[in-house]
Amino acid sequence: MLKKRIFILVGITISIVLVYLLTLVGNNPDYVIPKRATRLAAMALIACSIGYSSVVFQTITNNRILTPSIMGFEAVFILFQAFIVFLYGDKTFQVIEQQTNFLFSVVLMFGFALILYFALFRKRQVHVYFLLLVGLILGAVFKSMTSFLELVIDPNEFAFVQRYLFASFNNINTNLLGISAIALFISLLIGTRILHKLDVLLLGKEQAITLGINYQRLVQISLLLIAIQVSISTALVGPITFLGILIANLSYEFIPSYKHRHTILGASLFGIILVVGGQYLVEHLFNMNTTISILINFVGGVYFIFLLLKSRRL
Amino acid sequence: MITVKDLHKKYGDHPVLNGLNIEFPKGKVISLIGGNGAGKSTLLSVISKLIDQDKGQITLSKEDITNISHKDFAKRLSFLRQSNFTHIRLKVHELVAFGRFPYNRGKKMSKEDKQKVEEAITFMELDNIANSYLDELSGGQRQRAYLAMILAQDTENILLDEPLNNLDMKYSVQIMKTLKKFARKQGKTVILIVHDINIASQYSDYIAALKDGVVQHFGTTDEIIKPRILKDIFDIDFEVILNRGCKFCLYYN
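Chains as they are written, first to last, in the working numbering: chain A, 84 to 397; chain B, 12 to 264.
With the rest of the complex left out, here is chain A (with noise of 0.2 Å):
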């Protein structure tokens, strides 16, 4: 049951990936397979990390209906972006390179978080809601001053920031890409180590501990595994992590198995179909003249509505 269930996603994945590199190709194909390739690397790592961190951070948190974004890291990502277009306005693009805006939104994601988790895990056992209700309201800060900045800037600058609040693989600079893979392999490969132990915190926090899990480290590992992944995926390609709830949903409910190796394998699958799958559609059924941001939401709204209303699983 369950290597069928595997096998069958893997076989839809694969055949929409072959669909996406090779149908539709014009009259360009050598120019054309190979920016779709480099587009493919990036879905399938984005998709990959989104899965994981979104079902690590469910296991920690005990929820099903939650995703990284609630610590407010694409807030400050968005805030990070309004910013600097209100520094330099038009000049922005002159001014800061991608590669140095793509650096600076991972430092400052990552430092957001570091701070966040050291500032409130120097006391022990403090409650990991506690750490999202302030990661809540931080982000809430941040938003209102994303829109305060907005309010202020020239109407044609705010169409610069505008580019930030939707996830695009559009344009995808490949040297970014190139680094980011190495990271966020080299984070889920670290990620695997822990998987087992995530296994036993199914069994809750308590029971976690009587079976000898160091909680408090399994959590803090868990969360800088988390930061790393949303920080590199929000930087590379914008907010996207809202597709997390969609696919690790679809991967519990898909997956017959509560084991993280499997749960977190199908949950990147679906993202994988998901996003390729989307980026297809947009590329050649609306002609790029709506974002995969919108898709994926529309399809995530009515499932996440679909999930509110059997709410006895959550």
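Since the hints were made in silico from the structure, they are not lab data.
In this text the structure is predicted, and so the values were computed from the model without any measurement.
Accuracy of the hints is not assured; some may be wrong.
[Claimed, not checked] Calculated pairs, DSBU-like style, for lysine-lysine (alpha carbon to alpha carbon, straight line, at most 30 Å): (1) A:K288 to B:K16; (2) B:K39 to A:K86; (3) B:K73 to A:K288; (4) A:K86 to B:K181; (5) B:K196 to A:K86; (6) B:K82 to A:K288; (7) A:K288 to B:K86; (8) B:K222 to A:K288; (9) A:K288 to B:K21; (10) B:K192 to B:K125; (11) A:K393 to B:K102; (12) A:K288 to B:K39; (13) A:K342 to B:K118; (14) B:K118 to A:K86; (15) B:K37 to A:K87; (16) A:K288 to B:K125; (17) B:K16 to B:K196; (18) B:K37 to B:K242; (19) B:K122 to A:K288; (20) A:K87 to B:K86; (21) A:K342 to B:K102; (22) B:K242 to B:K222; (23) B:K242 to A:K288; (24) A:K342 to B:K125; (25) B:K181 to B:K196; (26) A:K342 to B:K82; (27) B:K118 to A:K288; (28) A:K288 to B:K199; (29) A:K342 to B:K86; (30) A:K288 to B:K66; (31) B:K66 to A:K87; (32) B:K102 to A:K87; (33) A:K87 to B:K125; (34) A:K288 to B:K37; (35) B:K122 to A:K86; (36) B:K122 to A:K342; (37) A:K342 to B:K242; (38) A:K288 to B:K119.
Following the hints, complete the assembly by docking chain B onto the known chain A.
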């Protein structure tokens, strides 16, 4: 042997443990009794490293428990809490197998692991529901599944917070007999919170009576089951009846 010295714990401004001292003898069944809010559950939580004490020291075979890693601690002491819940769909045998986590750390189960899991399942008479999902079971069956997990963990010290919750009389008696056998045959120390005073009186070797965050009375069962002491603990009148060499408490008036 577990020794607790001068244990203090506050929740906010509300003190729960007020300089509690006790020495739990090895290889015995020890019941903790006391009214609601006397600090029984908190005591067990601190001993099992779930929460930190504000002050005081706990030693396990003369070793301070703060110096023992969680990993090693789980092989020496197990604790079953009052209410257990998980939102994942888990089969009974999968839950029981978690009891072996301290030994295999999530890697493949060894022969010994498998054997212990089998034994625990058979012992709790769960064989015919071993492949059922936990959420399809009755409260009592689920409680037995969790107890089987604790058995599979196979530790020298077993702490149980109201293990008879949800169990009918047959299983209550069976579990108390089991715990007693563990103490006698395998020298395990069993510390449990019991609300049924007659169960405590029948099956425990020692009784510790808690009140206001300290151990008010501690002694052999015979020493504690006395109207004067019970009244001091629970603030109601007790009548102790001797029947076939056993003491029964009457308190329904």
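Going through the hints against the structure:
no.: 1; hint: A:K288 to B:K16; in the structure: 26 Å, holds
no.: 2; hint: B:K39 to A:K86; in the structure: 48 Å, violated
no.: 3; hint: B:K73 to A:K288; in the structure: 27 Å, holds
no.: 4; hint: A:K86 to B:K181; in the structure: 41 Å, violated
no.: 5; hint: B:K196 to A:K86; in the structure: 44 Å, violated
no.: 6; hint: B:K82 to A:K288; in the structure: 15 Å, holds
no.: 7; hint: A:K288 to B:K86; in the structure: 18 Å, holds
no.: 8; hint: B:K222 to A:K288; in the structure: 28 Å, holds
no.: 9; hint: A:K288 to B:K21; in the structure: 21 Å, holds
no.: 10; hint: B:K192 to B:K125; in the structure: 22 Å, holds
no.: 11; hint: A:K393 to B:K102; in the structure: 22 Å, holds
no.: 12; hint: A:K288 to B:K39; in the structure: 29 Å, holds
no.: 13; hint: A:K342 to B:K118; in the structure: 12 Å, holds
no.: 14; hint: B:K118 to A:K86; in the structure: 19 Å, holds
no.: 15; hint: B:K37 to A:K87; in the structure: 51 Å, violated
no.: 16; hint: A:K288 to B:K125; in the structure: 25 Å, holds
no.: 17; hint: B:K16 to B:K196; in the structure: 29 Å, holds
no.: 18; hint: B:K37 to B:K242; in the structure: 28 Å, holds
no.: 19; hint: B:K122 to A:K288; in the structure: 28 Å, holds
no.: 20; hint: A:K87 to B:K86; in the structure: 37 Å, violated
no.: 21; hint: A:K342 to B:K102; in the structure: 13 Å, holds
no.: 22; hint: B:K242 to B:K222; in the structure: 12 Å, holds
no.: 23; hint: B:K242 to A:K288; in the structure: 37 Å, violated
no.: 24; hint: A:K342 to B:K125; in the structure: 19 Å, holds
no.: 25; hint: B:K181 to B:K196; in the structure: 22 Å, holds
no.: 26; hint: A:K342 to B:K82; in the structure: 21 Å, holds
no.: 27; hint: B:K118 to A:K288; in the structure: 20 Å, holds
no.: 28; hint: A:K288 to B:K199; in the structure: 25 Å, holds
no.: 29; hint: A:K342 to B:K86; in the structure: 23 Å, holds
no.: 30; hint: A:K288 to B:K66; in the structure: 23 Å, holds
no.: 31; hint: B:K66 to A:K87; in the structure: 55 Å, violated
no.: 32; hint: B:K102 to A:K87; in the structure: 20 Å, holds
no.: 33; hint: A:K87 to B:K125; in the structure: 26 Å, holds
no.: 34; hint: A:K288 to B:K37; in the structure: 28 Å, holds
no.: 35; hint: B:K122 to A:K86; in the structure: 25 Å, holds
no.: 36; hint: B:K122 to A:K342; in the structure: 21 Å, holds
no.: 37; hint: A:K342 to B:K242; in the structure: 51 Å, violated
no.: 38; hint: A:K288 to B:K119; in the structure: 23 Å, holds
Going down the numbered hints, you'll see the structure goes against 2, 4, 5, 15, 20, 23, 31 and 37, while the others check out.
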